[in-house]
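Undergrad: Spelled out, the chains give:
Protein chains: 2
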Amino acid sequence: MAPTNHNLLVCTDVVDDKSVRILSKYSKVYKLADLEEERLDELLPSIDSVLVFSWPHQLTSDRLQRMTNLRFIQSILAGVNHIPFPSLNSNVIVSSNAGAYSEEVAEYAWALLLSAAKRVVELHVSLREQKWTLKRTLDEGSEITILRERILGILGFGGIGSMVGRIARGFGMQVYAYSRKKSTAKGVEFFAGASGLTELLKKSDAVVLALPLTSQTARIMNAERLSVMKKDAILVNVARGELVDEKAMYDHLVANPNFRYATDVWWYRESRESLKTDYPFLSLPNFIGTPHVSGPSGLATGRPVQLAVENTIRFLRGLKPRNIVNPEDYKTSYPY
Amino acid sequence: MAPTNHNLLVCTDVVDDKSVRILSKYSKVYKLADLEEERLDELLPSIDSVLVFSWPHQLTSDRLQRMTNLRFIQSILAGVNHIPFPSLNSNVIVSSNAGAYSEEVAEYAWALLLSAAKRVVELHVSLREQKWTLKRTLDEGSEITILRERILGILGFGGIGSMVGRIARGFGMQVYAYSRKKSTAKGVEFFAGASGLTELLKKSDAVVLALPLTSQTARIMNAERLSVMKKDAILVNVARGELVDEKAMYDHLVANPNFRYATDVWWYRESRESLKTDYPFLSLPNFIGTPHVSGPSGLATGRPVQLAVENTIRFLRGLKPRNIVNPEDYKTSYPY
Chain A
1 MAPTNHNLLV
11 CTDVVDDKSV
21 RILSKYSKVY
31 KLADLEEERL
41 DELLPSIDSV
51 LVFSWPHQLT
61 SDRLQRMTNL
71 RFIQSILAGV
81 NHIPFPSLNS
91 NVIVSSNAGA
101 YSEEVAEYAW
111 ALLLSAAKRV
121 VELHVSLREQ
131 KWTLKRTLDE
141 GSEITILRER
151 ILGILGFGGI
161 GSMVGRIARG
171 FGMQVYAYSR
181 KKSTAKGVEF
191 FAGASGLTEL
201 LKKSDAVVLA
211 LPLTSQTARI
221 MNAERLSVMK
231 KDAILVNVAR
241 GELVDEKAMY
251 DHLVANPNFR
261 YATDVWWYRE
271 SRESLKTDYP
281 FLSLPNFIGT
291 PHVSGPSGLA
301 TGRPVQLAVE
311 NTIRFLRGLK
321 PRNIVNPEDY
331 KTSYPY
Chain B
1 MAPTNHNLLV
11 CTDVVDDKSV
21 RILSKYSKVY
31 KLADLEEERL
41 DELLPSIDSV
51 LVFSWPHQLT
61 SDRLQRMTNL
71 RFIQSILAGV
81 NHIPFPSLNS
91 NVIVSSNAGA
101 YSEEVAEYAW
111 ALLLSAAKRV
121 VELHVSLREQ
131 KWTLKRTLDE
141 GSEITILRER
151 ILGILGFGGI
161 GSMVGRIARG
171 FGMQVYAYSR
181 KKSTAKGVEF
191 FAGASGLTEL
201 LKKSDAVVLA
211 LPLTSQTARI
221 MNAERLSVMK
231 KDAILVNVAR
241 GELVDEKAMY
251 DHLVANPNFR
261 YATDVWWYRE
271 SRESLKTDYP
281 FLSLPNFIGT
291 PHVSGPSGLA
301 TGRPVQLAVE
311 NTIRFLRGLK
321 PRNIVNPEDY
331 KTSYPY
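Protein sequences, first through last, are from chains A and B. Straight run, no breaks: the first sequence in my numbering ends on number 336. Straight run, no breaks: the second sequence in my numbering ends on number 336.
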């Protein structure tokens, strides 16, 4: 293959050497970790593509302005809310890695959903604290939830959401999906618009959040939307903490002890996801929290990296990259 | 319908009035709770059938010997290990309630399996104890387990086991089943005999116990069988605690920190299931325990009662009852 005039900046160590060699067939490849500050500054105007895990702190707003040739950004994280959209020129294409973690994250969503439905965490903690005798009955209102024939609402029906829905069939659940794009899927009932979302939330026994974090979806689960949900519903979040209003969620959990919120993702503090919360969620029995671990094992398999590399090659070869996002959706930046 | 010469003793309050009225069409019905000691003793020789939840303490071995006309015992609990088989005459038919709780218990098995695979309990507890920072990676060997394309072994392929297997398909797992009866099921590979069991245990990434507790299955998971399993396998028990050797399990969990045991069922103390253990299981991060709650919600729906009543009516009408167990399997009694 003839050498090209592309200059790709690889900004993360998770891209393995073999992938770098393959990318080198289509572009000059620079690894951010290998560049001294001065050399980086020198190269900036020539870089036309970057491959990032999450946006690197070295690429400050100032440096970004000097990347006048930048045309393509590929994220290895599925979501792109970490990309500094407000600082990008309109001719820069940004590709998410949608679907790269779908199977792992969908499995994780089910782990949280079932842990909450069957009160596994709550009961295990009670046993540890010796608050239990074997009586084979649970207090009224705090029974375990049987999922069969009940309704699972899924917000966002991309790779993760559709996989969550496929698994739901084995449990004999009805699946409702809220999706911006017109979709069809066997056995799934679709809802759209604000009124569709309200209807889905009213009817669902459990709801899984699998939406990207955009200007439209930030804090989509606010006090009003929580209030229409069933008093003993289960809400699962494997997408982004910021999809949920923090204060509204805490107040709702306190006011509705049989409502359950199980999340792997957290609110932002100083523009980064953080385990720090304004309210003591972890002291509530109807809250389950884990430290954003649904993805890493998927990362370890190398598949998300491989998909991001393949898509970068599409750009380098002059093909249209997949998973191009609409910058209009990311007017508000939520760095990772 | 003509009155019959049957005399049925209903030994549990969970049988509702409507069911008692229906049963009364086929038999005289006595409710144990309504009988004074003297009246009970008077009636014993005439009773030919009993409907129990678990075996009632009033029906002592002494009284059982005076029930010379007893021909049929129906259990509302799925398992019959609580029935005092050694004290029964050979002409007494015992019916289990196999299948009555299958869907609920299969859901619960998946809750335990996913909680263990994704380390939900362990991570949640770590967060509560503030032992975490958000680093998005887990230590080597303690990653979360991805289930897709891995092997799920199911011991016992009755109502619960087959339902657990059906759900596994949605997760893209391969299913291996160990079953005494020759079985076939789409996409399931069957194993039989001691060597088949060893092979299944060697190859499985996760194993669900869904066996009845019988003379053959008691402590089937002993030190030797645990030792052939993968070092990072997951064992789930929704059947009976006594299927597992207590000391062997504890030693195995201590020696293999990435092996996980998640159970809803417990060992027996003084012939009853008890949360008391000889070893501090609840202090181990690779143990998840819940207090035998997979069934009660199912009970609340009335379906298990209805199935037990229907089967009792089969006996009363002179039809062959379903779910007749082989008393040879229960030479050793494990009361509930």
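Take the hints with a grain of salt, since some may be wrong.
What the hints assert, rightly or not - In silico DSS-like pairs for lysine-lysine, Cα to Cα no more than 27 angstroms straight-line:
| id | chain 1 | residue 1 | chain 2 | residue 2 |
| --- | --- | --- | --- | --- |
| 1 | B | Lys247 | A | Lys131 |
| 2 | B | Lys186 | A | Lys186 |
| 3 | B | Lys186 | B | Lys202 |
| 4 | A | Lys231 | A | Lys202 |
| 5 | B | Lys131 | A | Lys276 |
| 6 | B | Lys18 | B | Lys28 |
| 7 | B | Lys181 | B | Lys203 |
| 8 | B | Lys202 | B | Lys230 |
| 9 | B | Lys202 | A | Lys247 |
| 10 | A | Lys18 | A | Lys28 |
| 11 | B | Lys276 | A | Lys131 |
| 12 | B | Lys186 | B | Lys230 |
| 13 | A | Lys181 | A | Lys202 |
| 14 | B | Lys231 | B | Lys203 |
| 15 | A | Lys331 | A | Lys247 |
| 16 | A | Lys28 | A | Lys320 |
| 17 | A | Lys276 | A | Lys181 |
| 18 | B | Lys131 | A | Lys131 |
Said to hold, decoys possible - Have a look at the derived ranges for each label pair, beta carbon to beta carbon:
| id | chain 1 | residue 1 | chain 2 | residue 2 | range |
| --- | --- | --- | --- | --- | --- |
| 19 | B | Asp139 | A | Asp62 | 35 to 43 angstroms |
| 20 | B | Tyr279 | A | Arg314 | 54 to 62 angstroms |
| 21 | B | Leu138 | A | Glu310 | 22 to 30 angstroms |
| 22 | B | Leu138 | A | Ala33 | 20 to 28 angstroms |
| 23 | B | Glu143 | A | Arg180 | 31 to 39 angstroms |
| 24 | A | Leu138 | B | Ser61 | 48 to 56 angstroms |
| 25 | A | Asn91 | B | Leu138 | 36 to 44 angstroms |
| 26 | A | Arg180 | B | Lys25 | 30 to 38 angstroms |
| 27 | B | Gln130 | A | Asn258 | 37 to 45 angstroms |
| 28 | B | Gly193 | A | Glu199 | 34 to 42 angstroms |
| 29 | B | Ser126 | A | Asp34 | 33 to 41 angstroms |
Rather than coming from a laboratory, the hints here were simulated on the basis of the structure. Note that the coordinates shown come from a computational prediction; the quantities given were computed from them, not determined experimentally. Just so it is clear, CB atoms sit at the ideal spot from N, CA and C, and this is done for glycine as well.
Undergrad: If I claimed the Cβ atoms of A:Arg180 and B:Lys25 lie 30 to 38 angstroms apart, would that claim hold in this structure?
TA: violated (58 angstroms)
Undergrad: Does 31 to 39 angstroms hold as the CB distance between B:Glu143 and A:Arg180, or does it fail?
TA: holds (33 angstroms)
Undergrad: Quickly compare the C-alpha distance for B:Lys186 and B:Lys230 to 27 angstroms and report which way the hint goes.
TA: Satisfied, since the Cα-Cα distance of roughly 26 angstroms is no more than 27 angstroms.
Undergrad: Please check whether B:Leu138 and A:Ala33 have a Cβ separation lying inside 20 to 28 angstroms.
TA: holds (23 angstroms)
Undergrad: For the pair supplied as a hint, B:Lys247 and A:Lys131, is the alpha-carbon distance within the 27 angstroms limit?
TA: holds (24 angstroms)
Undergrad: Sort out whether A:Lys247 lies within 27 angstroms of A:Lys331, counting only the CA atoms.
TA: holds (24 angstroms)
Undergrad: Check the hint pairing B:Lys231 with B:Lys203 against an upper bound of 27 angstroms on the C-alpha distance.
TA: Holds: B:Lys231 and B:Lys203 sit about 11 angstroms apart, inside 27 angstroms.
Undergrad: Hinted pair, alpha-carbon criterion (27 angstroms max): A:Lys276, A:Lys181. Please report holds or violated.
TA: violated (34 angstroms)
Undergrad: Between A:Leu138 and B:Ser61, does the beta-carbon spacing fit 48 to 56 angstroms?
TA: violated (33 angstroms)
Undergrad: CA of B:Lys181 to CA of B:Lys203, is that 27 angstroms or under?
TA: Holds - the C-alpha atoms of B:Lys203 and B:Lys181 are around 21 angstroms apart, at most 27 angstroms.
Undergrad: Would you check the hint for B:Lys186 and B:Lys202, treating anything up to 27 angstroms between C-alpha atoms as holding?
TA: holds (22 angstroms)
Undergrad: B:Lys202 and A:Lys247 were given as a pair; does the straight-line alpha-carbon distance stay at or below 27 angstroms?
TA: violated (49 angstroms)
Hint check: violations occur at hints 9, 17, 24, 26, 27 and 28; the rest are consistent with the structure.
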